[in-house]
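Protein sequence lines correspond, in order, to chains A and B.
Just so we're aligned: the first sequence equals residues 1 to 125 in this note's numbering.
Just so we're aligned: the second sequence equals residues 1001 to 1110 in this note's numbering.
Honestly, I wouldn't trust all of these hints.
[Stated by the list, open to error] Stretch by stretch, here's where chain B covers chain A in the computed footprint (C-beta under 8 Å, at least three residues): (1) 38-51; (2) 54-64; (3) 106-113; (4) 116-122.
[What the hints assert, rightly or not] Simulated pairs of lysine to any residue, SDA-like, Cα-Cα distance not exceeding 25 Å: (5) A/K109 to B/R1063; (6) A/K109 to B/A1045; (7) A/K109 to A/G10; (8) A/K45 to B/T1076; (9) A/K83 to A/S104; (10) A/K66 to B/K1072; (11) A/K45 to B/Q1001; (12) A/K109 to B/G1016; (13) B/K1072 to A/A102; (14) A/K83 to B/S1057; (15) A/K109 to B/T1025; (16) A/K45 to B/Q1044; (17) A/K109 to B/G1070; (18) A/K66 to B/T1002; (19) A/K45 to B/D1062; (20) B/K1071 to A/P108.
[Said to hold, decoys possible] Just the calculated beta-carbon pair ranges, DEER-fashion: (21) B/S1096 to A/T17: 43 to 53 Å; (22) B/P1058 to A/S72: 24 to 34 Å; (23) B/G1043 to A/S124: 19 to 29 Å; (24) B/D1062 to A/D113: 14 to 24 Å; (25) A/V2 to B/S1055: 17 to 27 Å; (26) A/D113 to B/G1079: 17 to 27 Å; (27) A/Q1 to B/S1055: 13 to 23 Å; (28) B/G1059 to A/S125: 43 to 53 Å; (29) B/R1106 to A/Q1: 22 to 32 Å; (30) B/S1028 to A/A89: 35 to 45 Å.
Everything labelled a hint here was simulated from the structure, so no lab data went into it.
All residues carry an ideal CB built from backbone N, CA and C; glycine is no exception.
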Amino acid sequence: QVQLQESGPGLVKPSQTLSLTCTVSGDSITSGSYFWTWIRQPAGKGLEWIGHIYSTGSINFNPSFKSRASISSDTSKNQFSLKLTSVTATDTAVYHCARGSAGSYDSPKYYFDYWGQGNLVTVSS
Amino acid sequence: QTVVTQEPSFSVSPGGTVTLTCGLTSGSVSTGYFPSWYQQTAGQAPRTLIYSTNSRSPGVPDRFSGSIVGKKAALTIRGAQADDECEYFCVLYMGSGIWAFGGGTRLTVL
Chain A
1 QVQLQESGPG LVKPSQTLSL TCTVSGDSIT SGSYFWTWIR QPAGKGLEWI
51 GHIYSTGSIN FNPSFKSRAS ISSDTSKNQF SLKLTSVTAT DTAVYHCARG
101 SAGSYDSPKY YFDYWGQGNL VTVSS
Chain B
1001 QTVVTQEPSF SVSPGGTVTL TCGLTSGSVS TGYFPSWYQQ TAGQAPRTLI
1051 YSTNSRSPGV PDRFSGSIVG KKAALTIRGA QADDECEYFC VLYMGSGIWA
1101 FGGGTRLTVL
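Generate coordinates for the entire structure from the input sequences, incorporating the hints supplied.
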């Protein structure tokens, strides 16, 4: 069973950098055809795709976050991380990590099959 | 910029049937967007219901089904139960590693 667990501070000051880590168990982040993804949900609003690191190491971002976000991985710990710079109150949200599946060349399927519980991050002084 | 649209809220009677939809502000949703559907209860991780338009995730009861209706992806819930009352959101794969999320539909069972 694949499990994902977010970790990181619950409170970040405005203008600082938000840092979160997702620890994966039950699968290797370097194997298969998977998008290791960050998604967030501000209170009372919908989910928002931030970006992902693919199992090959390629990275993609929502254009809305491209200038502020970075994603990296530590394969020795089977973790991937998100950094979001210059945060403001509008970055207050529950941040989820998730595994996006691409299926196979013969049977493509693009969806999120495993999710972390989420980590509430509040941006406030 | 194309936005994924969902009804903000919907209500259904216990035992009834409801169809939630997922559209685009520009264009039609097709199977090529691999529409998927998720159920989310407050404070919990989202639960995957449907992927690739109409495939049910393991363990999801067959009263949940997915389809394309007209220009939109659709999630139909039959025999609605009290614990179906939560948020439902759709996700589309836009290609080239880009994903788009709908704003979610709050379903009330009453």
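Results of checking the hints against the structure:
Chain B is given as covering the stretch 38-51 of chain A, and this holds because 6 residues of the stretch bring a CB closer than 8 Å to a CB of that chain, at least three being needed. For a cut-off of 8 Å, the count of residues in the stretch 54-64 of chain A with a CB near a CB of chain B stands at 4, and the three-residue condition holds. Given a C-beta distance limit of less than 8 Å, the hint that chain B covers the stretch 106-113 of chain A holds, as 6 residues qualify and 3 suffice. With a cut-off of 8 Å between beta carbons, the stretch 116-122 of chain A has 3 residues touching chain B; three or more are needed, and the interface restraint holds.
Distance hint between A/K109 and B/R1063 is fulfilled; the C-alpha atoms sit about 22 Å from each other, no more than 25 Å. Using a Cα cut-off of 25 Å, the hinted pair A/K109 and B/A1045 holds, with the two alpha carbons roughly 21 Å apart. Pair hint A/K109 plus A/G10 does not hold up; C-alpha atoms about 34 Å apart against a cutoff of 25 Å. A hinted pair counts as satisfied when its Cα atoms are at most 25 Å apart, and A/K45 with B/T1076 qualifies at roughly 23 Å.
At most 25 Å may separate the alpha-carbon atoms for a hinted pair to count; A/K83 and A/S104 exceed this at roughly 30 Å. Taking the CA atoms of A/K66 and B/K1072, the gap is about 29 Å. The hint is violated against a cut of 25 Å. For the hint linking A/K45 to B/Q1001, the alpha-carbon distance of about 19 Å falls within 25 Å, and the restraint holds. Our distance criterion of 25 Å between C-alpha atoms is broken by A/K109 and B/G1016, whose separation comes to about 30 Å.
Using a Cα cut-off of 25 Å, the hinted pair B/K1072 and A/A102 holds, with the two alpha carbons roughly 22 Å apart. For the given pair, A/K83 sits about 31 Å from B/S1057 by alpha-carbon distance, which is inconsistent with the 25 Å threshold. Only pairs whose Cα atoms come within 25 Å are accepted, and A/K109 paired with B/T1025 is accepted, the gap being roughly 23 Å. Distance restraint check for A/K45 and B/Q1044: the Cα-Cα separation of roughly 15 Å lies within the 25 Å cut-off, and the hinted pair is therefore satisfied.
For a cut-off of 25 Å, the pair hint linking A/K109 to B/G1070 stands: about 21 Å separates their Cα positions. Proposed proximity of A/K66 and B/T1002 is supported: the alpha carbons are some 18 Å apart, at most 25 Å. Distance check on the hinted pair: A/K45 and B/D1062 sit about 29 Å apart at the alpha-carbon level, beyond 25 Å; violated. Only pairs whose Cα atoms come within 25 Å are accepted, and B/K1071 paired with A/P108 is accepted, the gap being roughly 22 Å.
About 28 Å separates the C-beta atoms of B/S1096 and A/T17, a value inconsistent with the hinted range of 43 to 53 Å. The given range of 24 to 34 Å is respected by B/P1058 and A/S72, whose C-beta atoms sit roughly 31 Å from each other. Separated by about 20 Å at the C-beta atoms, B/G1043 and A/S124 satisfy the suggested range of 19 to 29 Å. Evaluation of the 14 to 24 Å hint for B/D1062 and A/D113 yields a pass: the beta carbon distance comes to about 19 Å.
In this structure the supplied range 17 to 27 Å holds for A/V2 paired with B/S1055, their Cβ-Cβ distance being about 18 Å. For the pair A/D113 and B/G1079, the beta carbons lie near 25 Å from each other, so the given range of 17 to 27 Å is met. Taken as a hint, the range 13 to 23 Å holds for the pair A/Q1 and B/S1055, whose Cβ atoms sit roughly 20 Å apart. For B/G1059 and A/S125, the Cβ-Cβ distance of about 44 Å falls inside the hinted range of 43 to 53 Å, so the restraint holds.
Roughly 30 Å separates the CB atoms of B/R1106 and A/Q1, a value that falls within the hinted 22 to 32 Å. Between B/S1028 and A/A89 the beta carbons are some 37 Å apart, a value that agrees with the proposed interval 35 to 45 Å.
The structure fails to meet hints 7, 9, 10, 12, 14, 19 and 21 from the earlier list, while all remaining hints are met.
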